[in-house]
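Participant: Using the hints provided, position chain B relative to the given structure of chain A.
Same order as they appear, the protein sequences are chains A and B.
Residue 153 is where the first sequence starts when you use our numbering, and the numbers rise one by one after that.
Residue 17 is where the second sequence starts when you use our numbering, and the numbers rise one by one after that.
Calculated directly from the structure, the hints in this document are not laboratory data.
Careful: at least some of the hints might be erroneous.
Unchecked claim - Pulled from the structure, derived: some chain A residues nowhere near chain B, Cβ distances all over 10 Å:
1. Leu-211
2. Lys-259
3. Arg-324
4. Glu-333
5. Ile-404
6. Val-415
7. Ser-417
As the list claims (entries may be wrong) - When the alpha-carbon atoms are kept at most 30 Å apart in a straight line, the in silico DSS-like pairs for lysine-lysine are as follows:
8. Lys-177(A) <-> Lys-270(A)
9. Lys-89(B) <-> Lys-280(A)
10. Lys-220(A) <-> Lys-239(B)
11. Lys-259(A) <-> Lys-105(B)
12. Lys-220(A) <-> Lys-105(B)
13. Lys-22(B) <-> Lys-261(A)
14. Lys-226(A) <-> Lys-239(B)
15. Lys-222(A) <-> Lys-239(B)
16. Lys-105(B) <-> Lys-278(A)
17. Lys-432(A) <-> Lys-446(A)
18. Lys-26(B) <-> Lys-226(A)
19. Lys-26(B) <-> Lys-261(A)
20. Lys-244(A) <-> Lys-105(B)
21. Lys-26(B) <-> Lys-278(A)
22. Lys-352(A) <-> Lys-447(A)
23. Lys-328(A) <-> Lys-446(A)
24. Lys-105(B) <-> Lys-283(A)
25. Lys-244(A) <-> Lys-22(B)
26. Lys-259(A) <-> Lys-26(B)
27. Lys-395(A) <-> Lys-432(A)
28. Lys-390(A) <-> Lys-428(A)
29. Lys-239(B) <-> Lys-283(A)
30. Lys-360(A) <-> Lys-239(B)
31. Lys-89(B) <-> Lys-239(B)
32. Lys-267(A) <-> Lys-105(B)
33. Lys-22(B) <-> Lys-259(A)
34. Lys-262(A) <-> Lys-26(B)
35. Lys-22(B) <-> Lys-280(A)
36. Lys-270(A) <-> Lys-26(B)
37. Lys-105(B) <-> Lys-215(B)
38. Lys-22(B) <-> Lys-220(A)
39. Lys-22(B) <-> Lys-275(A)
40. Lys-283(A) <-> Lys-26(B)
Beta carbons: idealized from backbone N, C-alpha and C, even for Gly.
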Amino acid sequence: MIEVQNVTKKYGDFVAVDNISFSIKKGEVVGFLGPNGAGKSTTMNMITGYIEPTSGTILVDDYDINLKPKQAKKQIGYMPENVPLYPELTVKEFISYMADLKLVQRKDKKEEIEKVIKVTGLKEVKDKIIKNLSRGYRQRVSLAGALVGNPPILILDEPTVGLDPKQVTEIRNLIKSLGKEHTILVSSHILSEISQMCNKIIIIDNGKILRIDSTEEIEKTTSDSSEVIVTVEDEKNKFKNIKKSISEIDKIDMIEEKENEKVYSVKYSGNDDIRKILFKECAKQDITIVEMKKKENSLEEAFLKITEKGGKK
Amino acid sequence: MFAVIKKELKSYFCTPIGYIFVALFLIVVSFIFYVYTFAQQSLRFEYIVWDSTTVLSFIIPVLTMRMFAEEKKNGTDQLLLTSPRSIIKIVLGKFFAATIVVIISLLFLFIYYGILRYFGDVSIIEPLVAMIGFIFLAMAYISFGMFASSLTENQVIAAVVSIGFFIIVSFLESYQGIIGMFSLVEMYQKFPQGIISLKEVVGYISFILLFVLLTIIVLQRRKSVK
Chain A
153 MIEVQNVTKK YGDFVAVDNI SFSIKKGEVV GFLGPNGAGK STTMNMITGY
203 IEPTSGTILV DDYDINLKPK QAKKQIGYMP ENVPLYPELT VKEFISYMAD
253 LKLVQRKDKK EEIEKVIKVT GLKEVKDKII KNLSRGYRQR VSLAGALVGN
303 PPILILDEPT VGLDPKQVTE IRNLIKSLGK EHTILVSSHI LSEISQMCNK
353 IIIIDNGKIL RIDSTEEIEK TTSDSSEVIV TVEDEKNKFK NIKKSISEID
403 KIDMIEEKEN EKVYSVKYSG NDDIRKILFK ECAKQDITIV EMKKKENSLE
453 EAFLKITEKG GKK
Chain B
17 MFAVIKKELK SYFCTPIGYI FVALFLIVVS FIFYVYTFAQ QSLRFEYIVW
67 DSTTVLSFII PVLTMRMFAE EKKNGTDQLL LTSPRSIIKI VLGKFFAATI
117 VVIISLLFLF IYYGILRYFG DVSIIEPLVA MIGFIFLAMA YISFGMFASS
167 LTENQVIAAV VSIGFFIIVS FLESYQGIIG MFSLVEMYQK FPQGIISLKE
217 VVGYISFILL FVLLTIIVLQ RRKSVK
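Pulled out of the complex, with its shape left as it was, chain A reads as follows (with noise of 0.2 Å):
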């Protein structure tokens, strides 16, 4: 449905996308993953249509995007950063603006109007001004302004920025449940956002695309830690000898230390689970385990292993 081929842009000596190249087949969800200007943006804005790349070609279901503007345009729907809407206008007056935008025939308007509307959950505030609306009821506002005459592609520019915990589930389940009967590419810098709601991620980072992977794929490279983290209650301080014990452990450092309690870093080798063996040896020994747990990576260290790995694939 997309296909991005050696694209870049430039900004003077500035290049904020460096020739990317990546496609999107139907009814794909796809993730689109970095920190804050890395790119996604730009690259989205390209896609549909609102800047001009300085070289390279990108198709929208087969119309190229600069050259044939108005079908490519007709199979997207768009959510831009930061839910630009017009705030003098009713929610209802706002989506049939939209509708009228992108080309709705008479006929379907209204139906397809009260579709978006309780799809997206504003049957409620429809006739309410938009300057009165809340962040999240907005945020929705812009989804049902991108979802208005069904268009096959949704590409949607950090959707739950800024919501509350609450808004971001709803948000997310929405999103889910249009990836059913849309092709789909979602930008987000947060991993645990993206891997909930798609199947595909493409991780972005200073403009160049350093992976583009299934979501099972990328998590384990993730999620692929030695590293736990162990506090325990130990007046005798044995835990720092329990090394000698399991022979998979390389380096045992203390991170903190409160009242009676330890926190250390357990580094090990090997690829069996140390929790396990780490239990059992404490529980011998007669340390007590108050809390343990697998050191998560974080955003940026699966950054970096990523590009460790050099991991363009």
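Facilitator: Coordinates of chain B only, in the frame set by chain A:
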């Protein structure tokens, strides 16, 4: 195009801007009406229309400054430019919406005309032609104001550029020769005499087309520099 006109008119009259425009216009017109009818005892309604064109250079920017500057600032231009609607229709929609606001405020002039008509023998042809000229002049101003608005995301800059341009253009009138022929105010002079001459009409339409086209070009080219 009608969708854009409808939305723009809603925006004008759901915010104070439309009302401010009409109010400012009517305040000035009332003053001019007072001067002509009471102070000078004149029945020439076309002169009232003629004099009220001077206020256009200050109030047209009220309508036009927000046109594209505000869209750009709020990011709503992303909605417009990523929609399958062509830029031409969006620009024309905005242009005609502003024109309609001018026509609405012009309709109020018929109240003043009615008052004058009640008390005296006033001709209808000259005032009507003067009003048609008024609309041409207003459209020319709108087209430039719209162009100024497409250049920036700051409404104040758009307004200042437009007012500056309109003031310069009204001074062109005093020049002889080629420069004087570009004066929008000079072109207006035949309308209050009840004459619609081809030369002036073509002059206005060319000016309007030029700046509508420039606006479209600016919006289209902005894609590649943004």
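Participant: It remains to establish, for every hint, whether it holds in the given structure.
Facilitator: So, going through the hints one by one against the coordinates:
no.	hint	verdict
1	Leu-211	16 Å, holds
2	Lys-259	15 Å, holds
3	Arg-324	23 Å, holds
4	Glu-333	20 Å, holds
5	Ile-404	52 Å, holds
6	Val-415	46 Å, holds
7	Ser-417	45 Å, holds
8	Lys-177(A) <-> Lys-270(A)	28 Å, holds
9	Lys-89(B) <-> Lys-280(A)	23 Å, holds
10	Lys-220(A) <-> Lys-239(B)	15 Å, holds
11	Lys-259(A) <-> Lys-105(B)	21 Å, holds
12	Lys-220(A) <-> Lys-105(B)	17 Å, holds
13	Lys-22(B) <-> Lys-261(A)	16 Å, holds
14	Lys-226(A) <-> Lys-239(B)	18 Å, holds
15	Lys-222(A) <-> Lys-239(B)	15 Å, holds
16	Lys-105(B) <-> Lys-278(A)	27 Å, holds
17	Lys-432(A) <-> Lys-446(A)	16 Å, holds
18	Lys-26(B) <-> Lys-226(A)	25 Å, holds
19	Lys-26(B) <-> Lys-261(A)	19 Å, holds
20	Lys-244(A) <-> Lys-105(B)	22 Å, holds
21	Lys-26(B) <-> Lys-278(A)	17 Å, holds
22	Lys-352(A) <-> Lys-447(A)	24 Å, holds
23	Lys-328(A) <-> Lys-446(A)	29 Å, holds
24	Lys-105(B) <-> Lys-283(A)	27 Å, holds
25	Lys-244(A) <-> Lys-22(B)	14 Å, holds
26	Lys-259(A) <-> Lys-26(B)	22 Å, holds
27	Lys-395(A) <-> Lys-432(A)	13 Å, holds
28	Lys-390(A) <-> Lys-428(A)	18 Å, holds
29	Lys-239(B) <-> Lys-283(A)	29 Å, holds
30	Lys-360(A) <-> Lys-239(B)	22 Å, holds
31	Lys-89(B) <-> Lys-239(B)	15 Å, holds
32	Lys-267(A) <-> Lys-105(B)	27 Å, holds
33	Lys-22(B) <-> Lys-259(A)	18 Å, holds
34	Lys-262(A) <-> Lys-26(B)	19 Å, holds
35	Lys-22(B) <-> Lys-280(A)	19 Å, holds
36	Lys-270(A) <-> Lys-26(B)	25 Å, holds
37	Lys-105(B) <-> Lys-215(B)	28 Å, holds
38	Lys-22(B) <-> Lys-220(A)	27 Å, holds
39	Lys-22(B) <-> Lys-275(A)	23 Å, holds
40	Lys-283(A) <-> Lys-26(B)	15 Å, holds
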